[in-house]
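Undergrad: I would like the entire structure built from these sequences, with the hints used as guidance.
Chains as they are written, first to last, in the working numbering: chain A, 656 to 837; chain B, 42 to 199.
Derived from the structure by calculation, the hints contain no laboratory data. Heads up, the beta-carbon is just placed ideally off N, CA and C, and yes, glycines get one too. A few of these clues could be false.
Stated by the list, open to error - Simulated coverage check for chain A against chain B, where a stretch passes if three residues somewhere in it have a Cβ under 8 Å from a Cβ of chain B: (1) 680–689; (2) 710–724; (3) 780–793.
What the hints assert, rightly or not - Some chain B residues judged to face chain A by a derived CB distance under 10 Å, without partners named: (4) I48; (5) A80; (6) L91; (7) L94; (8) D114; (9) A123; (10) A125; (11) I141; (12) Q144; (13) L176; (14) V179.
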Amino acid sequence: MWIFYVMLLFMIIACLIAVQTDNLLSSIICVGAVGAIGSLMFLFLYAPDIAITQIVVEVLALVVMVRVTISRDVTFISGDRELFGTVASIVIILIIFLGGIEVFRALPDFGVPVFSQFSNTASQTYISRGLQETGAANLVSSIILDFRGYDTLGEATVLFASVIGATVILRKETGKSMEVSR
Amino acid sequence: MKGMTIIVKTVGSWVKVLIFLFGIYIVLFGHLTPGGGFAGGVILACSYVLLLLAFGREFTEKNLSLGTASKIDCAGALLFIAIALAGFLYGSASFFYNFIQQQFLAGKDTALKLVSAGIIPLENIAIGLKVGASLFLVVLLLSVFRPEVSNNNKESKL
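TA: Laid out in structure tokens, this is it:
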């Protein structure tokens with residue numbers, strides 16, 4: 656269990672560096688470190704599917720972000736902090752922190768499968784009948800593509816929307832004069 | 042827009058094949074081992090992003106142009122929907138009916154074999170095509186439609 660606390664500490668340190676540093680490239684590399692540690696945590700929680708997806712998407716996003724930032728002039732936003740804004744943000748953070756302590760007391764221990772206490776939940780049905788109904792040895796695959804196929808359909812729709820958004824935002828010409836297939 | 046140095050090009054031309062092969066493996070064995078369509082598709086896209094970074098934009102567009110990539114994208118999405126709808130032909134009342142497993146492979150012990158699990162490998166392939174082409178398109182679009190800012194850093198140009 657201690658390894659999760661070590662990893663969380665590293666993640667928090669990397670997040671703080673990413674927020675506070677002046678250099679944009681080192682900030683992005685710190686974000687990549689957060690993703691790598693997150694992938695390791697999934698691996699230690701026995702979720703290799705998520706770990707593979709996380710590390711691969713992280714690598715691609717890191718490459719794209721480094722590629723985008725490395726040759727751009729970036730405008731830094733700076734200014735004096737107002738007293739009221741600082742006090743208000745500190746009070747809000749304190750309220751969320753105090754509420755969070757109560758919430759974390761009510762939660763079960765980290766990594767304990769809550770739904771295994773009951774016999775009729777959806778997860779127990781997937782585990783007991785997944786192999787004979789779908790024939791897939793990888794239960795995660797049988798859930799995301801068979802029992803929960805709609806989720807994957809929505810995921811594909813999100814990707815489609817992201818491609819359309821990239822095309823629309825990044826185009827040079829407007830209207831009919833635009834050439835897409837160059 | 043010549044891409045990177047000769048060292049990166051030589052290593053990249055070898056490594057891109059291995060990455061592509063690993064992506065195909067992750068997609069095809071998604072129903073047996075960890076992985077699946079999404080992770081495998083991102084790895085397939087990564088191999089082309091490596092090509093884009095190492096060899097430049099023109100070379101990559103000769104290999105896989107914008108039009109072809111968007112066609113692969115749409116083909117993957119349509120294949121996914123077609124497989125989901127095909128269950129209705131076999132007397133299902135619901136979307137995403139695993140008709141191959143229920144009708145043709147029922148009762149046979151096919152666990153842990155490559156040809157098993159009915160429509161799940163086919164859906165993995167569809168999702169892999171869709172995700173790979175989509176992410177490659179996003180990266181390619183980010184480098185095609187560049188705003189015309191005065192750019193002094195010549196090495197990092199694609």
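Undergrad: Could you tell me which of the numbered hints above are not met by this structure, giving the numbers in increasing order?
TA: Hints 1, 4, 9 and 12 are the ones this structure does not satisfy, whereas the remaining hints hold.
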